[in-house]
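S.K.: Chain order of the listed sequences is W and Y. So in this note's numbering, spot 164 of the first sequence is number 164, and the numbers just go up one at a time. So in this note's numbering, spot 23 of the second sequence is number 23, and the numbers just go up one at a time.
No lab work stands behind these hints: they were computed from the structure.
Lysine-lysine pairs mimicking DSS-like chemistry, simulated, CA-CA at most 27 Å apart:
#1 Lys43/W x Lys87/W
#2 Lys216/W x Lys84/W
#3 Lys85/Y x Lys166/W
#4 Lys70/W x Lys84/W
#5 Lys85/Y x Lys111/W
#6 Lys140/W x Lys226/W
Only some residues are given here: those of chain W computed to face chain Y with a beta carbon under 10 Å:
#7 Ser159
#8 Ala193
#9 Val201
#10 Ala235
C-beta: ideal position from N, C-alpha, C; glycine also.
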Amino acid sequence: MSMLQVSIYRYNPETDSAPYMQEYQVDTQGRDLMVLNILEMLKAEDTTLAYRRSCREGVCGSDGMNMNGKNGLACITSLSDVVKNNKLVLRPLPGLPVVRDLAVDMGLFYKQYERIQPYLQNDEPAPAIERLQSPEERDKLDGLYECILCACCSTACPSFWWNPDKFVGPAGLLQSYRFLADSRDTATQARLAELQDPFSVFRCRGIMNCVAVCPKGLNPTRAIGKIRDMLLANAT
Amino acid sequence: MVTNITNLGRSGLSDWLIQRVSAVILALYTLFIVAYLLFNPGLDYYTWSGLFAQTWMRIFSLLAFISLAAHAWVGLWTVTTDYMKSTGVRLGTQLVIILAIFVFLVWGIQVLWGA
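Isolated chain Y, as found in the complex (with noise of 0.2 Å):
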């Protein structure tokens, strides 16, 4: 067994399932924003926000996001961990990285929350 400790489950399987599950869920919600963008054509700003005034839209919109962190974080640890071979530049990237993921999670909620 090969330890680590900068992936996200500790565990290749759990990394693994979030990974497939978050791609579908990613998947329904970019199916869904440009399906409604399809059928809005004219889009105003009064519809666009009271479509993210709704709690289903909240949830679902907080679900892809919170996917999205997980699945950038599987994929960019696997990255990092096949071409960055000097201990340094791993971990500072690994370390860039989550920052931004977590800048980005914490500012999308206050976008879909603050308004």
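So here's chain W without its partners, still in its complex pose (with noise of 0.2 Å):
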């Protein structure tokens, strides 16, 4: 039993016509190694393997993946977090376009992050030295600023699968409230009037995929929700 079972979605548009599962046999010696192991042994013998990598240690947010159908970074995920009968299964992100094999174009994603103007805007003098936030000011961005942006949460939610150029997604809605939310930004007011449509944020129906996958423990449902009280305590 010490020979994993691997299936990995192999596509590469110049020589296949249609994407196919290929399986591996993975010799793992027992030990409960992270699933980026696993695509670096199975690269050295079979270098058209294509997938995103970076870091390696859950910052970097280029290896979000569905394993065994659920989304996350291979890289922090061990096998005995996913891996059931011995058999791993790995998959693109669903709902982005496949660039070739485990790489997905994220050119959606992140048009949508670029779509909430993801930057500071203050339209008040610049003080000398800097702007200062008060210690409860500076907590409010906490459990917001930490996303790397590895879209594993949009590409498990049905709403941004449908409708990828309309809704927002749940991870540049968390990036959204993150300026919302910061008392240094003073274009609340035009930020919230860009969301109020039935699209960018309310094509949320709050089912929480995205908190279940988040790799670094985010709520965009939480974050959505405080979007939805800022638009309604501006617009009754």
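Bring the two chains, given one by one in their own frames, into a single complex with the hints.
M.R.: Shown next as structure tokens:
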């Protein structure tokens, strides 16, 4: 039983007419490796296998993928977390176009991120040194700024699958609230005006897939609820 | 901002609020009707039509009908925009749904006030 059965989604648009699942066997020698270790071992044998990775410690957010049906970062997901019946199935993040094998085109995801204007906007004259915040004001950004944009949450969200061009998605909305909640940002009204349509925020049905998969333990559903509260307070 | 002209209130926020308020009204109406049926075993036609002859019951019922119409439109509009990617199919389905809701609403008012 030490040979792990690994099934990987393969697709090279230049040579393959359709995607297929390729079966591999990996000798883990009984070790509880990370999923990324398995991919590195396979890559050494089969150099055509394509995936993204960089820091290998859950900081860069490059190796988001679907492991046995659940999105996560391959580098910080151990085999004991996901493997059932000695079988590991690896697929690209669902809902985004596949560039090759496990690498997806993140264009739509970044487009939605760009749309919420993820930078501090302040129309007051800049102070001599810096814009100060009280510790309480700074505390409001906890649980928001830690997002690494790995796209695990947005690609686990059916609302984002069906309308990735219109619904901002959990990752973008978490960042949207990060700037709405920032005491130094003065563009709150303009930001809210951009979000009150039926798609951008309100396509969220609160199923909390985003919370279930976030490798950083963040809660986009709560942030979306806070945005709704701000919209409601503003418009009633 | 995403533009849409077929949703109920033109704004996601108003649709969201209408959906929640109408859900509460429908829940209260359902609870009332179920409780009324439970507390009136052997209900006959005269008691039942007597209930609906009272003005407050007609107002409550009409409120529930309008809530149902709004709730159905917000919900089904969402379903059509999620799953129907062809504009013709989506718009056609939306027109059929809104027509059905309109017919049921007018019919409901006629039943309520016609007798």
